[in-house]
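Chemist: The primary structure of each chain is shown beneath.
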Amino acid sequence: MGKSFDPSLIVNFVPTLIHYLGVTLQILAASVSLGMILGITAAILRVFRIPILNQFVILYISFIRGTPILIQLFLVFYGLPAILLFINIDISRMEALYFVIITYALSNGAHFAEIFRGAIKAVDHGQTEAAYSVGMNNGQSFRRIVLPQAIRIAFPNIANAIIGSLKDTSLAFTIGVMDMMGRGETLIAATAHGLEVYLSLSIIYYAVVLLFEKIFRLYENRINRHQAVNVSAAG
Amino acid sequence: MIYLKDIRKSFNQQPVLKGINLKVGKGEVVAILGPSGSGKTTLLRCLNFLDKPDEGIVQVGDVQVKTKKATKREILSLRRQSAMVFQHYNLFAHKTVLENVMEGLIVTKKYKKTDAKRESELMLKKVGLEDKHHHYPSQLSGGQQQRVGIARALALNPQVILFDEPTSALDPELVGEVLSVIKTIAQEGITMVIVTHEMSFAREVSDRVLFMDGGVIVEEGSPLEIFNAPKEERTRQFLNRISRDIPIPYLEEKAN
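Read top to bottom, the protein sequences are chains D and X. In this text, residue positions in the first sequence follow my numbering: the first is 127, and each later residue adds one. In this text, residue positions in the second sequence follow my numbering: the first is 52, and each later residue adds one.
There is no bait here: all hints are sound.
Label-pair distances were calculated between CB atoms; the ranges are: (1) D:P207 to X:K163: 52 to 62 Å; (2) D:I176 to X:D113: 29 to 39 Å; (3) D:I184 to X:N63: 21 to 31 Å; (4) D:G244 to X:S189: 16 to 26 Å; (5) D:I178 to X:D105: 27 to 37 Å; (6) X:G227 to D:P274: 30 to 40 Å; (7) X:Q65 to D:N263: 25 to 35 Å; (8) X:N63 to D:F174: 21 to 31 Å.
Hints are computed from structural coordinates only; laboratory data are not their basis. Treat the numbers as computed from the prediction; the structure is a model and nothing was measured. Ideal Cβ positions, reconstructed from N, Cα and C, are used throughout, including at glycine.
Isolated chain D (complex conformation):
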């Protein structure tokens, strides 16, 4: 099984692999943005109990939560072209990257939807009534009063979900996407130094996650400045 362990290789592997971090971050950025739109929409359909769509969203969320992401990835990769072929759209030549983005957007969307739904419900209903009492309609009170606060409440959980999603992107190589993990696999095939590659990958993923956590924490402090706990004496 491979060659003898050579830690000095890590110094060579990390720069080679980090070159592909961009692809990983690209998948993450696209799937988180799309997932956010999907998640907020799904949460609104759930909270306001829009008929039919509400049931559809419940089914969607429960399916995503109940199946492994790897299987979802294969389902989209093989299933979506098959379905679209029925209506004469051929996407079998589409880059694998897009299938990954679609899958992760769907997955993030479901998880974000549940987080947002809880957050929307956590905003004190009295403030909605106050918004009505100053003459706002449903849309205005939701957009201006409820949603901004719901996003703040949801943020810590969303941040966790994003970090989880970052790590999940490491499965993209299974359908042939050349991200960090994919490049790592080719390195192993070429050098037979598997352990060094995986160690290099963990160093990179770990560093990125730590960086994300730091950024999220700073941002969280900023958006929560209106809450008493974070108020300094200067106020």
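Based on the hints, put chain X in the right spot on chain D.
Modeler: Quick look at chain X alone, frame taken from chain D:
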């Protein structure tokens, strides 16, 4: 200014309002008293359709809404006739004091930002909070928060201000500052409907007192009539029960 005809409202088949008729004139200050569960808060909330009545006609200012046929648009324009001050203040937690007051002006009255700001600063001065513009609600005491609530309502320049137990959630030592602000604006001739448990305040500030019990208006009259010579047995019983909490000077005054 306010005209209610045969307002009925039930929650889960439990009637809460059993046919309320009421007229309030321009500039009149009406206090609604009554034991808890008598329907007074529900009545107030029916005036701006935060609770939708099951039956009856609600008119505030020039807007009349027949409950059964009420459209969203009608409800919206009815709500824009009035403003409400809530028991639990219900300030917008993510907005500063100034933004709380500006919000209604910008969104529903379409004021320019600078105009809304000028107007809001004026209102905050009126309630004595000119030094708190950039504080968030969580940084204020209950009394200060409620005064922001009053400024937010005043800024809209509504036909009517509805007060839903404005001091019930306050620490006793903070009640005074809020009541004195309400007294000041009552003197400016704004029409007000106040649900309250503060008897001496109701007596002092109102032109007319309604006593509600069991979903109906049992008795109404001037504060003098209601507090000194109630006609109905139920009103008497309620006032007797309450009077135990009223400080001695008031009782002495009543005895004289």
